[in-house]
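Chains D and X are the protein sequences, given in the same order.
Read in this note's numbering, the first sequence has 68 at position 4, and its numbers run on one by one without any break.
Read in this note's numbering, the second sequence has 22 at position 20, and its numbers run on one by one without any break.
Hints are computed from structural coordinates only; laboratory data are not their basis.
Please note: incorrect hints may appear among the correct ones.
[As the list claims (entries may be wrong)] Just the calculated beta-carbon pair ranges, DEER-fashion: (1) A72/X with T69/D: 31 to 41 angstroms; (2) K59/X with L105/D: 23 to 33 angstroms; (3) S144/D with S54/X: 23 to 33 angstroms; (4) G100/X with G127/D: 42 to 52 angstroms.
[To be verified] Quick list of in silico lysine to aspartate or glutamate cross-link-like pairs, DMTMM-like style, CA-CA up to 25 angstroms: (5) K60/X with E7/X; (6) K133/D with D120/D; (7) K39/X with D123/D; (8) K129/D with E94/D; (9) K24/X with E58/X; (10) K121/D with E94/D; (11) K39/X with E65/D; (12) K44/X with E7/X; (13) K44/X with D29/X; (14) K44/X with D61/X; (15) K24/X with D123/D; (16) K44/X with D86/X; (17) K39/X with E4/X; (18) K39/X with E117/D; (19) K44/X with E65/D; (20) K135/D with E65/D; (21) K121/D with E4/X; (22) K81/D with E143/D; (23) K44/X with E94/D; (24) K44/X with D123/D; (25) K39/X with E94/D; (26) K60/X with E85/X; (27) K121/D with D29/X; (28) K39/X with D51/X; (29) K60/X with D86/X; (30) K39/X with E85/X; (31) K135/D with E94/D; (32) K82/D with E65/D; (33) K59/X with E4/X; (34) K133/D with E117/D; (35) K59/X with E85/X; (36) K133/D with D102/D; (37) K73/X with D61/X; (38) K24/X with E41/X; (39) K44/X with D102/D; (40) K121/D with E7/X.
Glycine included, every Cβ here is placed at the ideal spot set by N, Cα and C.
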Amino acid sequence: EAQVTQNPRYLITVTGKKLTVTCSQNMNHEYMSWYRQDPGLGLRQIYYSMNVEVTDKGDVPEGYKVSRKEKRNFPLILESPSPNQTSLYFCASSLSRGSTTYGYTFGSGTRLTVV
Amino acid sequence: GENVEQHPSTLSVQEGDSAVIKCTYSDSASNYFPWYKQELGKGPQLIIDIRSNVGEKKDQRIAVTLNKTAKHFSLHITETQPEDSAVYFCAASPSTGGYNKLIFGAGTRLAVHP
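So here's chain X without its partners, still in its complex pose (with noise of 0.2 angstroms):
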């Protein structure tokens, strides 16, 4: 089945830096990879994702790219502010397991520091 490997498990960054978060999948038939972020106390929010058949997409500071010959995407965060720091999840759709599923990546913790 599907499995979702992603690093750094930690990053700390000076506010103002850039920021990669990334992701390795098995499948090679998924098709959607979303990006969530985890404040404290909250549940996941979806923050960006992209399908199988774009390289890349960007929303303001944030962007995904992905590779699907590698079968691996990451996440960047341009221009880092202390307001991002958080606990980023990624996730991969398998093509197996029921439509509408995915796997999750263990989580990276972001330290955006002042």
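One chain only, chain D, in its complex shape (with noise of 0.2 angstroms):
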């Protein structure tokens, strides 16, 4: 089945504590983002990668950190985790191919809270 698999569902952790939440996807896809989601304001970008190696900023990066070292994985870090970064996260992939731009599939989401 295709589909986008995030690690953990849930995670409640201290303030400062690092933490990283994975991400993989089974379509070959090249193209891999991270959401936020938080009431009232819909789905916001904090990262995204075109391809292996290759990384950006989306419009809400601040605290958080990527890497795609492997095609299949896009793992989020926090670092140093403060309380408002509690909220739920969605990674999602999709195709890439010139300037056409693709359906994203979602994973399930984490539901993170960092007191």
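Now that you have both chains on their own, put them together as the hints suggest.
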């Protein structure tokens, strides 16, 4: 089954304790992205990757890091989490062909609480 | 940059009625407009999309219309059923910020009452 897998689904952590949220896709998609979802704000892009070793900032990148060492994996790293990073996070992937935009396949989400 | 506004934020209908959700966008160069359905506890799922060279697209009970001149697009759901209850997001692809980028609206919570 074609899917994007995120882990963990739920995470409660303390301020300042480094954490990683993993994301893996099995569709051989070039493009991967992380979004955060907050009430009334919709989905906002944190970081994206056009392909292996190619990453760039989205609209709300502060406090986050990413890496793309393999095509299928795109982990999200919070080096020093703060309470304002409490949110619902989604990883997404899609095809990437020139300048054409394609629909995303989203993971099931990770609900992060930072206390 | 691109801004996508979505209305209404909540919508309540009776089963069998139609539901319409509207979005406006600011970047006249946007050329791809998908709609996503998010059920409770799940990630958004693509339900229909339209490109700027098409004015309308249908898939069974759902349809999307695009008015490029007015820079707005709408999702139409006919003969609504309780399983249509979810949060719906529209999105638009901006001309800046990298290929494949999507800017999302704030979402519409649709409730279909039996």
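Here is what the structure says about each hint:
One distance hint, 31 to 41 angstroms for the beta-carbon pair A72/X and T69/D, holds here, with the actual separation near 40 angstroms. Between K59/X and L105/D, the C-beta spacing of about 28 angstroms keeps the proposed range 23 to 33 angstroms intact. For the pair S144/D and S54/X, the beta carbons lie near 42 angstroms from each other, so the given range of 23 to 33 angstroms is not met. The beta-carbon spacing between G100/X and G127/D, approximately 20 angstroms, falls outside the hinted interval of 42 to 52 angstroms.
The suggested pairing of K60/X with E7/X holds, with an alpha-carbon distance near 22 angstroms, which does not exceed 25 angstroms. Restraint check for K133/D and D120/D: satisfied, since their Cα atoms lie roughly 14 angstroms apart, inside the 25 angstroms limit. Between K39/X and D123/D the CA atoms are separated by roughly 22 angstroms; this keeps the pair inside 25 angstroms, and the hint holds. Restraint check: the Cα-Cα separation between K129/D and E94/D comes to about 19 angstroms, which is no more than 25 angstroms; the hinted pair holds.
Restraint check for K24/X and E58/X: satisfied, since their Cα atoms lie roughly 14 angstroms apart, inside the 25 angstroms limit. Pair hint K121/D plus E94/D holds up; C-alpha atoms about 16 angstroms apart against a cutoff of 25 angstroms. Distance check on the hinted pair: K39/X and E65/D sit about 19 angstroms apart at the alpha-carbon level, within 25 angstroms; holds. Of the supplied pair hints, the one linking K44/X and E7/X holds, its CA atoms being roughly 23 angstroms apart against a limit of 25 angstroms.
The suggested pairing of K44/X with D29/X is violated, with an alpha-carbon distance near 30 angstroms, which exceeds 25 angstroms. Proposed proximity of K44/X and D61/X is supported: the alpha carbons are some 22 angstroms apart, at most 25 angstroms. For a cut-off of 25 angstroms, the pair hint linking K24/X to D123/D stands: about 24 angstroms separates their Cα positions. For the suggested pair K44/X and D86/X, the alpha carbons sit about 14 angstroms apart, so the restraint of at most 25 angstroms is met.
Under the criterion of a C-alpha separation no larger than 25 angstroms, the hint pairing K39/X with E4/X is consistent with the structure, at around 21 angstroms. Distance check on the hinted pair: K39/X and E117/D sit about 31 angstroms apart at the alpha-carbon level, beyond 25 angstroms; violated. Between the alpha carbons of K44/X and E65/D the distance comes to roughly 16 angstroms, so the proposed pair stays at or under 25 angstroms and holds. A hinted pair counts as satisfied when its Cα atoms are at most 25 angstroms apart, and K135/D with E65/D qualifies at roughly 18 angstroms.
For the proposed pair K121/D and E4/X, the alpha carbon gap of about 16 angstroms is at most 25 angstroms, so the pair holds. With a C-alpha separation of about 7 angstroms, the suggested pairing of K81/D with E143/D holds against the 25 angstroms cut-off. Distance check on the hinted pair: K44/X and E94/D sit about 23 angstroms apart at the alpha-carbon level, within 25 angstroms; holds. Of the pairs offered as hints, the one joining K44/X and D123/D holds, with about 23 angstroms between alpha carbons and a cut-off of 25 angstroms not exceeded.
The straight-line distance between the Cα atoms of K39/X and E94/D is roughly 23 angstroms, inside the 25 angstroms bound, and the hint therefore holds. In summary, the hint linking K60/X to E85/X is supported, as the alpha carbons are separated by about 19 angstroms, within the 25 angstroms threshold. At most 25 angstroms may separate the alpha-carbon atoms for a hinted pair to count; K121/D and D29/X meet this at roughly 20 angstroms. Note on K39/X and D51/X: the hinted pairing holds, with a Cα-Cα distance of about 12 angstroms set against a maximum of 25 angstroms.
The hinted pair formed by K60/X and D86/X meets the criterion: a straight-line CA distance of about 16 angstroms does not exceed 25 angstroms. Restraint check for K39/X and E85/X: the C-alpha separation of about 11 angstroms stays at or below 25 angstroms, so the hint holds. This hinted pair checks out: K135/D and E94/D have alpha carbons roughly 7 angstroms apart, not beyond 25 angstroms. Among the hinted pairs, K82/D with E65/D is inconsistent with the structure: their alpha-carbon atoms are about 32 angstroms apart, more than 25 angstroms.
Of the supplied pair hints, the one linking K59/X and E4/X holds, its CA atoms being roughly 23 angstroms apart against a limit of 25 angstroms. Annotation: proposed proximity of K133/D to E117/D holds, straight-line Cα distance about 6 angstroms (limit 25 angstroms). This hinted pair checks out: K59/X and E85/X have alpha carbons roughly 22 angstroms apart, not beyond 25 angstroms. Proximity of K133/D to D102/D is assessed by CA-CA distance (about 29 angstroms); at most 25 angstroms being required, the pair is judged violated.
Restraint check for K73/X and D61/X: satisfied, since their Cα atoms lie roughly 22 angstroms apart, inside the 25 angstroms limit. About 19 angstroms separates the Cα atoms of K24/X and E41/X, which keeps this hinted pair within 25 angstroms; it holds. Only pairs whose Cα atoms come within 25 angstroms are accepted, and K44/X paired with D102/D is accepted, the gap being roughly 15 angstroms. At roughly 23 angstroms between alpha-carbon atoms, K121/D and E7/X fall within 25 angstroms of each other, so this suggested pair holds.
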